[in-house]
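Participant: Each chain, written out:
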Amino acid sequence: MAALVLLILITAACLAAPLYAHSIAHTDPFTSNISGTTVANGKSEPLLVPSSTGLGLGVTPIGPTWDPSRYFLGVDNQGRDVMSRLLYGGRSSLLISVSAALICCFFATLLGMIAGYFGGFVDAVLGRVFDVVWAFPVYLLAICLSVVLLTSGLVIGPIHIGAGSIWLPVLIISVIYVPYVARPLRGQVLALREKEFLQASIGIGTSDLRIMRREVLPNIAPTVIVFLPLMTALNMLTESALSFLSIGVQPPNASWGTIINDGLGLLYTRPVVTLAPGVAIVLTAVALNVLGDGVRDALDPKAKLRGAA
Amino acid sequence: MPEPLLEVRDLRVTFRSRRGDVPAVDGLNFRLEAGEVLGIVGESGSGKSVSMMSMLKLIRNPNCVVQGEARFLGRDLVAMKDKELRSLRGKEIAMIFQDPMTSLTPVYTVGWHIAEQIRAHESISARAARARAVQLLDEVGIPDPDRRVEDYPHQFSGGMRQRAVIAMALANNPKLLIADEPTTALDVTTQAQILDLLERLRREHGSSIIMITHDMGVVSQIANRVLVMYAGRAVEQGTRTEVFRRPSHPYTWGLLGSVPRVGKTRLRRLPTIPGHPVSADAVPAGCPFHPRCRLRHDQCDVRPELAAAPTAPDHLDACWLPRDDRQALRLSTVRAAVAEGDPGDTIEAEGP
Amino acid sequence: MLAFIVRRFAAAAFVLFAISVLVFLIFFATPGVDPAARIAGRNADPATLAQVKHEFGLDRPLPIRYLLMMRHLFISRDLTSYVNRGTKVIPQILQAVPITLSLVIGAAVLWMVFGVAMGVAAAARQGTAVDPIMVLLGVVGVSMPVYWLGEVVNLLTQSRLHSTVFHWVPPLGYVGLTQNPWQWALHLLFPWLTLAALYAGIYARVLRSEMIGALNEDYVRTARAKGVSERRILLKHALRCSLIPIVSLFGLDFGALVGGSALLTEVVFGLPGVGKLTFDALQNVDLPVIMGCVLYAAFFVVLANAVVDLLYAGLDPRVRRA
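Residue numbers (my numbering), protein chains in the order written: chain A, 1 to 309; chain B, 1 to 352; chain C, 1 to 322.
Keep in mind the hints are simulated off the structure, nothing from the lab.
Among the hints, erroneous ones may be present.
The following label-pair restraints were derived from C-beta to C-beta distances [to be verified]:
1. A:G119 / B:G217: 55 to 63 Å
2. A:T206 / B:Q67: 31 to 39 Å
3. A:I161 / C:M1: 33 to 41 Å
4. A:V5 / C:F17: 48 to 56 Å
5. B:R323 / C:T128: 53 to 61 Å
6. B:Q67 / A:G119: 55 to 63 Å
7. C:D218 / B:R16: 23 to 31 Å
Think of the CB as a built atom: it goes at the ideal place given N, C-alpha and C, for glycine as much as any other residue.
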């Protein structure tokens, strides 16, 4: 329950990002503001001070002021407000993980049902494909796809996804996790197919489509619902990792992963740039996992995702 | 009178739950002499397994409270510390369970299981333990035991697995073998073989057996004495002959009536005991069987105690019905049951 | 058993082949992508393009190109980077492999030891405070980005607490095992701990629930009825059976680690392993290096999975005949 409240709060805060940036912080978090200034202790201070340590090549941005209207969490190395970027980044991260989870579960359900229900050749082919992708480390697969698609974008029939689009990571993440969800679902459908009520339906000549819709789908739906929050958490971590490797969300968009990446150079001077989005990811993912476990206990105690207990 | 092998006095097993205490066994008393076979009969949930398992502290639920006495050769098992009891379990008292499919650890060979049993109580070499395992498997009728001793449980059939389990239980020549529905999960032919095996082993090893079952047929084959349990209490107790020839509790009548018989006029429909077994958290006040009893009367609101008729001091029952015309009453209930199930059918009076 | 091994490795070979085809297709057959331009890097001049086309035989049909590619990678081993001209990819990878393996194997040992110990403790002490703590650790384990945890560890050990508690922590980097075993371990200590911390929590949680399930099995009751000690029941019966799913999970995670989390950990801790190599190649889109790294990583993953499956068959007699 606490997990659900926390999730709602995080989502609401992220949705309110433009409101915060325009009305409270009065900044544009997507343009660099290298020579900007702010007022501290009654004096005007530059946002970025040339670094005094090392070779003096870098800059040291101002740290957290803990004042929501004046760079609450300080700025990054381009003078952009970290708090606003955090909220905007949360929008991307949540959007990507939720929509990737939905798309992934949709296709996984479809494929799992087809493979499990029809069996035979279809199942053998799909099963082999699942096996191969399953054995392929997801991050590597995601990296391959991202590298290829990031510069050229993707055109599938009428759907055109631009190179820097946020939907590219959504697509990549949802594709790589399809076998994770489809495999357990296929197993369930296989078991269902042996059940008397389904045999009875087949016996009285109900069409395959109708059986799948009326008999199979309602029976595997609880498992799919259990997988949704767990997949969302997994997607969030994957997205942040890809963005951290600069092959996920592309600038000028931000996500929690890209902000962590932005903060790398400032780790020892202004760690808050790295810490804040990380804490956000951990909180959200913990909430999603706890929620998922709760839903599982309520709906389907046997549902298991690879790697997660 | 010589000291009995096992004497259970007022055994009570209670499960504490959020909704209050649930009595699973409610004051059980019986004696078992050396060499005897006691059949404990009852529907599922009547407390027969729970009473035996709690006696051996095999119920690990921390909310399970065991009270009363269970004197095994004069030592009270209930008061014993777990460590002390452990030295008895598997050595003096062995227990086998219903489902041979799941009662062996799947990753070890059958021989390993038997050797573990032997070496848990005796310090002998692994080689000697294995030799004993082969010998035991041979004794329980596993063909080619020298080779099969290296097999894993999944390579055994259900009946063979139960034989292996019995071999394991007998490895240390226990004085008492508690068999919890040992034949229920098996098909009928295998059932008969396992019962024969138990009977033969009892003769050869001299162990006493407590046979827990819901099947009156099994009891009639193997037991000397019978204890019928309902809702955590004994409702009838006596020698096999007495209980089968002159059953005196309406519940026992029901159990006997629902055994299909070969060679009698076939009833079109097997009589059943009406209603459902009571669950331990909702045992009715008074006689626990009264909601399902066709002969209930006002007195049944008071709980009857287990008592014997003056004519047969060893045959006890817990029922308020008058003792002299029980057999006539029984006939009437059987008639009523059949009439209810299939009107217009006729039956003949049945005896053993 | 021998037939099982042969079959398992045949399956591994098939998966490896399929993965190489998949990678090849992703890089060379994705619609709208000109591989020559990709391999040559951004803004390549026509001469380079032509050279690339020739080198990879891009004017030939796909299957031939696939075979050529495999020859460059595995037989002639002369695939060269296009960013750092003339640098051969394979030696670079071979040089990086021991570093990645040091990281991954060390972390795996730590996480299995801690994970199993914690899981058994939680299962044995069900209902005490140990139990919920383990559950919490497990949730945090699956919820925390490993690279971020690495950054936090760096922040503490290299900067904030470096002058006090962690003055003995060497700067980021790697020292070879043969060069100086002590420094090797010291440099890898925190990367190991970072990776192991997350996985140990996850494994403890999985093992705990497996153990609790096993302790409710009939065979545990049988073992108790035999008069076997509780300790023996816990370790010889419950743990032994619970290890079977853990080992198969380990196979998958070990693979995922080689190909994923290790990459991130190496980047964060500045370890010049295969992951770091991949990362650097990603920064300047050095396709031959990326492809080489991916295939070599996939090779180890598939190998690890096959080995784990054999181990699994050793643990679970029911699998051997199937």
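Participant: Decide, hint by hint, whether the structure agrees.
Facilitator: Here's how the hints hold up against the structure:
1. A:G119 / B:G217: 55 to 63 Å: 43 Å, violated
2. A:T206 / B:Q67: 31 to 39 Å: At roughly 58 Å between Cβ atoms, B:Q67 and A:T206 fall outside 31 to 39 Å, so the hint is violated.
3. A:I161 / C:M1: 33 to 41 Å: 50 Å, violated
4. A:V5 / C:F17: 48 to 56 Å: 50 Å, holds
5. B:R323 / C:T128: 53 to 61 Å: At 55 Å between Cβs, range holds.
6. B:Q67 / A:G119: 55 to 63 Å: 56 Å, holds
7. C:D218 / B:R16: 23 to 31 Å: 24 Å, holds
Consistency with the previously given hints fails for numbers 1, 2 and 3, ordered from lowest to highest.
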